[in-house]
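Given chain R's structure and the hints, the job is docking chain E onto it.
Sequence lines, in order, name chains R and E. Throughout the first sequence, residue numbering follows numbering that gives the first Met the number 0, covering 0 to 389 in sequence. Throughout the second sequence, residue numbering follows numbering that gives the first Met the number 0, covering 0 to 521 in sequence.
Among the clues, some could well be false.
Computed cross-link-like contacts, DSS-like style, restricted to lysine-lysine with a CA-CA straight-line distance of at most 30 Å [unchecked claim]: (1) R:Lys199 <-> E:Lys388; (2) E:Lys377 <-> R:Lys190; (3) E:Lys318 <-> R:Lys280; (4) R:Lys199 <-> E:Lys30; (5) R:Lys12 <-> E:Lys167; (6) R:Lys12 <-> E:Lys403; (7) R:Lys368 <-> R:Lys13; (8) E:Lys381 <-> R:Lys199; (9) R:Lys13 <-> E:Lys388; (10) E:Lys30 <-> E:Lys138; (11) R:Lys197 <-> E:Lys30.
In short, the hints are calculated from the structure, not lab data.
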Amino acid sequence: MNTSTFDAKTFIKKYTMIIALVVVFVFFTVLTGGKLTKAQNVSNLLLQNAYVLIMACGMLLCILTGGNVDLSIGSTLCLSAALAAKSLERGLHPFLAILIPMLVAVVIGAWQGWLIGYIHIPPFICTLAGMFLFRGFARVVLNSKTIPVMNDDFLKLFTSYIKIGGLDEKHSFKSAIVVGVLVAVGLIIFKIVSNAAKSKKGYDTSNNKSELIKTAVIGVLIIVYSTKLYAYKGIPVMLLWILAVVLVFHFVTSSTVFGRYFYAVGGNEKATKLSGIDPRKVYFWAYFWMSVLAGFSGLLVASRIGSVDGNMGTSYEMDAIASCFIGGASAYGGSGNVPGVMVGAILLGVINQGMSIYGLSDQWQYVVKGAVLLVAVVFDVVSNHKTGKS
Amino acid sequence: MAGKSTEFILEMKGITKLYPGVKALDNVNLKVKRGEIHALVGENGAGKSTLMNVLSGTIRFGMYTGNILYDGDYCEFRTIHDSEKKGIVIIHQELALIPELTIAENMFLGNERSGKLGKINWDETYKLAAKQMKRVGLKESPSVLVKDIGTGKQQLVEIAKALSKDVKLLILDEPTSSLNEEDSKMLLDMLLAFKEEGLTSIIITHKLNEVSYVADRITVIRDGATIETIDNEDHNIDEDRIIQGMVGRELTDRFPAREHHVSNEVVFEAQDWNVYHPIYTEKQVDKNVNFKVHKGEVVGFSGLQGAGRTELAMSLFGKSFGSNITGHEFINGREVFLKNEHDAIEHGLAYVTEDRKTNGLVLSDTIARNTTMAKMSKIASKGIIDYQKEKQYAIEFANAMKTKTPSVEQQVGNLSGGNQQKVLLSKWMFAEPEILILDEPTRGIDVGAKYEIYCIINEMVAQGKAVVMISSELPELLGMCDRIYVMDEGEVVGEFEAAEATQEKIMKAILSHNNDNLKEAN
Numbered sequence: 000m001n002t003s004t005f006d007a008k009t010f011i012k013k014y015t016m017i018i019a020l021v022v023v024f025v026f027f028t029v030l031t032g033g034k035l036t037k038a039q040n041v042s043n044l045l046l047q048n049a050y051v052l053i054m055a056c057g058m059l060l061c062i063l064t065g066g067n068v069d070l071s072i073g074s075t076l077c078l079s080a081a082l083a084a085k086s087l088e089r090g091l092h093p094f095l096a097i098l099i100p101m102l103v104a105v106v107i108g109a110w111q112g113w114l115i116g117y118i119h120i121p122p123f124i125c126t127l128a129g130m131f132l133f134r135g136f137a138r139v140v141l142n143s144k145t146i147p148v149m150n151d152d153f154l155k156l157f158t159s160y161i162k163i164g165g166l167d168e169k170h171s172f173k174s175a176i177v178v179g180v181l182v183a184v185g186l187i188i189f190k191i192v193s194n195a196a197k198s199k200k201g202y203d204t205s206n207n208k209s210e211l212i213k214t215a216v217i218g219v220l221i222i223v224y225s226t227k228l229y230a231y232k233g234i235p236v237m238l239l240w241i242l243a244v245v246l247v248f249h250f251v252t253s254s255t256v257f258g259r260y261f262y263a264v265g266g267n268e269k270a271t272k273l274s275g276i277d278p279r280k281v282y283f284w285a286y287f288w289m290s291v292l293a294g295f296s297g298l299l300v301a302s303r304i305g306s307v308d309g310n311m312g313t314s315y316e317m318d319a320i321a322s323c324f325i326g327g328a329s330a331y332g333g334s335g336n337v338p339g340v341m342v343g344a345i346l347l348g349v350i351n352q353g354m355s356i357y358g359l360s361d362q363w364q365y366v367v368k369g370a371v372l373l374v375a376v377v378f379d380v381v382s383n384h385k386t387g388k389s
Numbered sequence: 000m001a002g003k004s005t006e007f008i009l010e011m012k013g014i015t016k017l018y019p020g021v022k023a024l025d026n027v028n029l030k031v032k033r034g035e036i037h038a039l040v041g042e043n044g045a046g047k048s049t050l051m052n053v054l055s056g057t058i059r060f061g062m063y064t065g066n067i068l069y070d071g072d073y074c075e076f077r078t079i080h081d082s083e084k085k086g087i088v089i090i091h092q093e094l095a096l097i098p099e100l101t102i103a104e105n106m107f108l109g110n111e112r113s114g115k116l117g118k119i120n121w122d123e124t125y126k127l128a129a130k131q132m133k134r135v136g137l138k139e140s141p142s143v144l145v146k147d148i149g150t151g152k153q154q155l156v157e158i159a160k161a162l163s164k165d166v167k168l169l170i171l172d173e174p175t176s177s178l179n180e181e182d183s184k185m186l187l188d189m190l191l192a193f194k195e196e197g198l199t200s201i202i203i204t205h206k207l208n209e210v211s212y213v214a215d216r217i218t219v220i221r222d223g224a225t226i227e228t229i230d231n232e233d234h235n236i237d238e239d240r241i242i243q244g245m246v247g248r249e250l251t252d253r254f255p256a257r258e259h260h261v262s263n264e265v266v267f268e269a270q271d272w273n274v275y276h277p278i279y280t281e282k283q284v285d286k287n288v289n290f291k292v293h294k295g296e297v298v299g300f301s302g303l304q305g306a307g308r309t310e311l312a313m314s315l316f317g318k319s320f321g322s323n324i325t326g327h328e329f330i331n332g333r334e335v336f337l338k339n340e341h342d343a344i345e346h347g348l349a350y351v352t353e354d355r356k357t358n359g360l361v362l363s364d365t366i367a368r369n370t371t372m373a374k375m376s377k378i379a380s381k382g383i384i385d386y387q388k389e390k391q392y393a394i395e396f397a398n399a400m401k402t403k404t405p406s407v408e409q410q411v412g413n414l415s416g417g418n419q420q421k422v423l424l425s426k427w428m429f430a431e432p433e434i435l436i437l438d439e440p441t442r443g444i445d446v447g448a449k450y451e452i453y454c455i456i457n458e459m460v461a462q463g464k465a466v467v468m469i470s471s472e473l474p475e476l477l478g479m480c481d482r483i484y485v486m487d488e489g490e491v492v493g494e495f496e497a498a499e500a501t502q503e504k505i506m507k508a509i510l511s512h513n514n515d516n517l518k519e520a521n
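Extracted from the complex, chain R is given alone in its bound form (with noise of 0.2 Å):
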């Protein structure tokens, strides 16, 4: 066994975009004299982007499936956000701004799912047609004006801070400190057991030392993270939202037979209804669950921005398709996961931010958006030599 020798080529091509994002991210930090490793910049980073993250990961579904894209996905958060607001308004109890835009997402996405998987519309003129249909709906909704979020109640839930009493005091977080050192210390125990239990039962473990020292580089990161939400605010409600999201989207597509299931049918859709499982039904959850997260988003959004018009969300779907394919998914189908998409968000995030930072104009972000997203295809289907359907 040679396995556990360091290869620096395959250690290149496993961990490209989380190299490319460190140097984006010390680029960056150069460029702006540190302001982007601010505590404030720090924490605003995954809050800025939480409708990407959490978009990304449902979009990571359709792309699944054969690189299929929900281009509906701003509109549905629009809908959403337009529901919310409109409801709070008219002075419902926020539970019910959070049910019925929820609600609408479920029926927005069991429809688009059930023609896309049963009635075989494309998706892309499927969700296209969606993309103007809950648009329009949206700005029905907001009668064209701009509605204020205002609900303190609806905005806790969302875009607070946690605050332990007896730790956390008017300009230090210590909560944060100390929840980010458990969870970084219970993350490589957690490891340590696992791999001891590997080894008791005789299962291979030659990945044992790799996946170890992969665990402490993130239990570290989590730490660093800890002490710049230490020094802001301490930890957002919405880092929580974020996280869960992302936790079981991650679960699901690599540990479950659910999960396993999209890539069989973007791998190969024939070889899967032979083995006995329905392509139909993957379809449709990958669209179901699109449209739920957008709906989610526009909860989130809404709050976020603390108000709501009939441009909101416009061409957010772009932003998800691009992490995405930024983070390593196959356009063709069939391969992608859902830490590379939240690596391929977040250097998005820091890109973005970055830029801001630093006063380069809006039209130049464009430039370099587009610029990275093509490198990053590029290179995917170049490295893999994946021809597509030629």
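Same frame as chain R, now just chain E:
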């Protein structure tokens, strides 16, 4: 013909084509006389299509060795265009027409009649189209869409298209495989009529009665080499004579020995099974098929391509093919009604496809993931996958099948054909079926891997499973099966015990059925 022209319009000399690890063509010689109909016969994979690809320039000059002497000149075709310019036109088995375009548009695709400013001259196009269509007996308007005419007529459009290109040498690859008897007869008679006008044709076909009917001379190819060229000037050649050349190879030691212990217990039975094509719903692909399989038995299905064997197997496997399926299906004596593939798997059925790349494997996934795909419940509890268990299973199966791979985390797409086939078999063995339907289990893999697959099949029946083996290779069926059903045109036309079956008998069963049909058509 002018005095200077030679007797032969085409001479292919010493053509050799190597693929990595395989010699597809080995010093093949083919001589075609001016104005004759020349038949090229041989089993699947003998090299007929490869030879024609060399001739048409699909396999370009330099990718093979040997010479092509056409019309007195040495030719170096680099594209299909090169060969078409010289009047060589090939019509492939799968028609290359675009359904959404009209007959005339299809006929002049890539060969457009252009007028001023590169604008297509539609008047001329449709006039010329009508003229050629008349020659092939097509009465449709040239402005009818190709999708609106039947397969038989589409074949005629292909021929009209060839004629519009000033064809001198027409090559037809299995032109009648998707035609019914009546259309086949019409097409063959048309070729004879064109012969009278001086057109030379090469016809590739499995239907030996057709060969006997139209061909002036017959070249037999086997295992990538020319075996012989037989004269058939009187059009009455004994089909046994052709078969002898096609199959005459030694059978010693190509198949592992097996103790035959077939029990009397019937594990699978199909009664009056009828299937129609899913798209051309009026076309019946299987007619009143009855067959049964015993425990521990290997049952073979022989027949030509398009005999309805794959369609039969897939329709029995949870209706994964066909429409308007009727009949009865019994597993262990109990009638079952399988709604879908999942149902079939749950009832202990497995269908191992003939097309592992398109229908069998997820090439971008690992060996482990492919192995467990058809029964993931075995490696999961409450829907959560146990990765270690999956890996253990995959390793176990890879070892049992002798799959050559550094690890089960290897992508299946990176494996050789033989090893891919082993992964496919692993996948279906993993699903713990009682009845395995193997469709062309050794297609496209080398002799050594074939032997290993045969050993695996023997192992399966030794474990008490029942195996249905569909194969186009007669020696393989004879070497492996306990019993052989022969199918033709969707019907079972013969059943032989292994002891009494011979290649000649099987071929005869098919051909006599064919002849009956041809007579009926007349």
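Each hint tested on the structure:
1. R:Lys199 <-> E:Lys388: holds (14 Å)
2. E:Lys377 <-> R:Lys190: Given pair E:Lys377, R:Lys190 holds - Cα atoms ~26 Å apart, limit 30 Å.
3. E:Lys318 <-> R:Lys280: holds (18 Å)
4. R:Lys199 <-> E:Lys30: violated (71 Å)
5. R:Lys12 <-> E:Lys167: Given pair R:Lys12, E:Lys167 is violated - Cα atoms ~55 Å apart, limit 30 Å.
6. R:Lys12 <-> E:Lys403: Within the cut-off at roughly 25 Å; holds.
7. R:Lys368 <-> R:Lys13: With Cα atoms ~23 Å apart, R:Lys368 and R:Lys13 stay inside 30 Å; holds.
8. E:Lys381 <-> R:Lys199: Roughly 24 Å separates the two Cα atoms, so the pair holds.
9. R:Lys13 <-> E:Lys388: Satisfied, since the Cα-Cα distance of roughly 25 Å is no more than 30 Å.
10. E:Lys30 <-> E:Lys138: violated (36 Å)
11. R:Lys197 <-> E:Lys30: At roughly 68 Å apart (the allowed maximum being 30 Å), E:Lys30 and R:Lys197 break the hint.
The earlier numbered hints that this structure contradicts are 4, 5, 10, 11.
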